[in-house]
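**Q** Each chain is listed here by its residues.
There are 2 protein chains.
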Amino acid sequence: MMLPVGAKIGIIGGGQLGRMLAVAAARLGFDVSIYCPEADCPAGRVAQQQTIGRYDHLPSVLDWARSCDVVTYEFENVPVDTVHYLVSSGCDVRPGARSLEIAQDRLAEKAFLRDAGIETAPYVAVNGPQDLARALTQLGGAGILKTRREGYDGKGQLRLVSGDDCEAAFSRLKAQPSILEAIVPFSCEISAIVARSITGESLCYDIPRNHHVEGVLSRSSVPSGVDQTTEAKAREAAICLAAALDHVGVLALEFFVLADGSLLANEVAPRVHNSGHWTPEACRTGQFEQHIRAVAGWPLGSVERKYRAEMGNLLGHEALAPFEAAPAGSVITLYGKREAKAGRKMGHWVRLVD
Amino acid sequence: MMLPVGAKIGIIGGGQLGRMLAVAAARLGFDVSIYCPEADCPAGRVAQQQTIGRYDHLPSVLDWARSCDVVTYEFENVPVDTVHYLVSSGCDVRPGARSLEIAQDRLAEKAFLRDAGIETAPYVAVNGPQDLARALTQLGGAGILKTRREGYDGKGQLRLVSGDDCEAAFSRLKAQPSILEAIVPFSCEISAIVARSITGESLCYDIPRNHHVEGVLSRSSVPSGVDQTTEAKAREAAICLAAALDHVGVLALEFFVLADGSLLANEVAPRVHNSGHWTPEACRTGQFEQHIRAVAGWPLGSVERKYRAEMGNLLGHEALAPFEAAPAGSVITLYGKREAKAGRKMGHWVRLVD
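If you read the sequences in order, they're chains R and S. Reading the first sequence from the start, the letters are residues 1 to 354 in our numbering. Reading the second sequence from the start, the letters are residues 1 to 354 in our numbering.
Be aware that one or more of the hints could be misleading.
[To be verified] Only some residues are given here: those of chain R computed to face chain S with a beta carbon under 10 angstroms:
hint, residue
1, Val5
2, Ala243
3, Ser302
[Stated by the list, open to error] No farther apart than 20 angstroms at their CA atoms in a straight line, the calculated lysine to any residue pairs in the SDA-like style are these:
hint, chain 1, residue 1, chain 2, residue 2
4, S, Lys345, R, Gly6
5, R, Lys306, S, Arg308
6, R, Lys306, S, Pro327
7, R, Lys306, S, Arg305
8, S, Lys233, S, Pro223
9, R, Lys174, R, Val161
10, S, Lys345, R, Ala7
11, S, Lys341, R, Ala7
12, S, Lys341, S, Arg308
Just so you know, these hints were derived from the structure itself, not from any lab. Don't be surprised by glycine CBs; every beta carbon is placed ideally from N, CA and C.
Please model the complete structure; the sequences and the hints are all you need to start from.
**A** Have a look at this one:
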């Protein structure tokens with residue numbers, strides 16, 4: 001069912017993605033309510049309403065959710081139990097708990113990807129230092145140790161080779177359930193950003209190539225320069241994953257591209273994605289509006305791309321002088337974060353080329 | 001001086017123009033505070049803060065304005081006294097009182113335009129039924145009676161010919177100070193939308209052709225189809241007017257185009273304008289962002305147009321099924337107004353053509 005104009009969309013989470021979603025929702029005439037633990041968050045300042053509360057305080061989340069016509073989330077670490085509770089209490093939450101579950105646990109994520117026929121780098125589950133030593137041998141003497149939960153932007157990761165102190169390494173990551181992932185010699189990284197509607201209609205944006213610095217996305221550019229067969233495979237994989245999850249909304253799937261053009265899926269984000277921040281400027285419908293359309297039960301908009309585009313993040317102090325940090329003629333978006341901490345994502349620029 | 005990222009921009013007025021300005025400001029990382037008499041107004045729902053108060057309640061407006069780093073307005077009927085009071089109390093208000101004064105009084109407006117060397121249709125001031133009869137004769141037996149104040153979208157206007165009951169006509173418009181304007185045989189209507197920065201830098205958008213239905217803007221399309229010399233004259237006039245007013249921000253000047261290509265200025269709007277609603281989609285920098293940049297003391301953005309564009313208003317119930325009312329593939333913007341009253345501007349669509 002299509003939400004009527006003027007309906008209220010609830011967003012769990014108050015960061016920049018919530019802010020850009022809120023603005024896109026407002027543009028379609030929706031009211032927006034934000035649920036997040038921090039007062040004065042970036043999304044709350046552009047929303048009609050904000051409720052301050054813990055994500056795991058079920059009565060408070062439910063109270064808030066009941067004031068909304070549909071609930072979505074802007075980050076993948078919303079407690080799965082919270083979403084289950086909302087759904088079992090009769091709330092519409094889009095995307096659902098399944099998309100969160102696999103995005104929160106690297107082991108479940110990789111298993112789900114493989115079950116869906118999407119290849120990943122080889123990996124081994126690691127629950128202790130002994131496992132880790134065994135896993136290193138199994139993967140040929142090198143790997144990246146990653147916690148199963150809560151890692152993002154390269155946090156919670158360690159690069160290891162045979163002979164490293166497995167005990168120390170495992171405790172560096174706070175002795176959490178982890179995986180060891182094989183180091184793959186990729187030639188570049190790309191991502192597929194797909195939107196799926198409540199009727200199962202799926203549209204994938206053109207594929208950006210992504211450049212990271214110290215594990216944090218630095219730039220995305222489109223077209224990717226990767227050959228079209230590879231791009232088509234990436235799009236198909238993302239569409240197939242969204243269908244397997246019965247996902248409603250936008251979802252991003254990151255890939256390593258190997259020298260022979262084959263793809264290894266790296267990470268799933270069950271939400272709008274940093275590597276899609278060029279879409280509002282370069283495409284008929286941007287990823288934020290697309291996500292809102294999907295969760296509101298509206299038809300998706302065209303993802304046709306009109307420009308070549310490059311997107312760069314403004315980190316820390318760069319955002320205080322954005323016109324100096326961004327290429328001339330860029331479109332600047334700033335997130336309204338109060339403190340320009342080093343490395344913090346404060347905004348981004350998009351440069352369009354005809 | 002450039003306002004720093006994170007500064008607070010105050011907007012007097014809570015309608016759709018305020019809403020679109022607030023969203024554009026948020027995107028540049030500013031906080032927004034709305035001052036308007038109605039709770040739950042379209043702009044308030046996308047702003048960080050809203051103060052509810054009367055426009056002529058000076059202590060309340062000043063209190064609010066002091067919480068903002070700069071104040072602007074989204075409609076031209078803000079009391080001039082209020083702006084004078086804010087400025088004399090040390091607040092930065094952009095644009096200033098002069099732009100309001102001429103936009104609020106058709107007689108002052110026309111006189112100012114002529115003083116600035118910008119031609120208008122012939123007109124005569126009318127302060128009573130006797131004036132009216134005389135004015136009708138003076139203008140050749142026909143004219144449009146318009147109240148000097150508070151008319152918009154064709155309200156407060158009457159078409160008259162010699163022999164009409166001048167007494168009745170004058171009291172139909174509530175016996176207010178008015179003007180009688182000659183009826184000009186124009187071939188089409190266009191508008192010039194110009195932005196002027198605090199340093200006097202001025203940029204004018206490409207000229208749209210405007211189509212009205214019952215005095216209300218229905219569609220704007222760009223390019224206008226009018227010849228380039230005429231368009232250049234319109235742009236020059238708008239830039240010259242903005243300079244004469246020492247205007248800071250966006251300003252629109254509407255024209256009648258006569259059969260010989262000459263121009264008669266019709267109306268000034270000291271703000272973003274309905275006939276510029278295609279600019280965010282079709283140009284590098286939209287009129288809302290441009291206005292915010294200007295009032296924040298930032299450099300203006302490029303007004304380069306990338307597409308042919310058509311914009312149409314969604315009136316009344318059209319906004320409840322926007323995808324049916326708008327051409328396929330349009331970008332839809334809805335204003336979040338609660339009641340879809342007949343004829344009310346509820347949203348708009350923009351269709352882009354490569």
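**Q** Now, for every hint given, state plainly whether the structure supports it.
**A** Evaluated hints:
Given the 10 angstroms rule on beta carbons, the hint for Val5 of chain R holds: about 6 angstroms separates it from the nearest Cβ of chain S. For the restraint placing Ala243 of chain R at the interface with chain S, the shortest Cβ-Cβ distance is roughly 25 angstroms, beyond the 10 angstroms limit, so the hint is violated. With 10 angstroms as the threshold, the beta carbon of Ser302 of chain R comes within range of chain S, its nearest partner Cβ sitting at about 6 angstroms, so the hint holds. The straight-line distance between the Cα atoms of Lys345 of chain S and Gly6 of chain R is roughly 15 angstroms, inside the 20 angstroms bound, and the hint therefore holds.
Proposed proximity of Lys306 of chain R and Arg308 of chain S is supported: the alpha carbons are some 13 angstroms apart, at most 20 angstroms. A threshold of 20 angstroms between alpha carbons decides the hint, and for Lys306 of chain R with Pro327 of chain S the separation of about 19 angstroms falls inside it, so the pair holds. Taking the CA atoms of Lys306 of chain R and Arg305 of chain S, the gap is about 13 angstroms. The hint holds against a cut of 20 angstroms. A hinted pair counts as satisfied when its Cα atoms are at most 20 angstroms apart, and Lys233 of chain S with Pro223 of chain S qualifies at roughly 15 angstroms.
A threshold of 20 angstroms between alpha carbons decides the hint, and for Lys174 of chain R with Val161 of chain R the separation of about 19 angstroms falls inside it, so the pair holds. At most 20 angstroms may separate the alpha-carbon atoms for a hinted pair to count; Lys345 of chain S and Ala7 of chain R meet this at roughly 19 angstroms. With a C-alpha separation of about 18 angstroms, the suggested pair Lys341 of chain S and Ala7 of chain R falls inside the 20 angstroms cut-off, and the hint holds. In summary, the hint linking Lys341 of chain S to Arg308 of chain S is not supported, as the alpha carbons are separated by about 31 angstroms, beyond the 20 angstroms threshold.
Violated hints for the displayed structure, listed by number in ascending order: 2 and 12.
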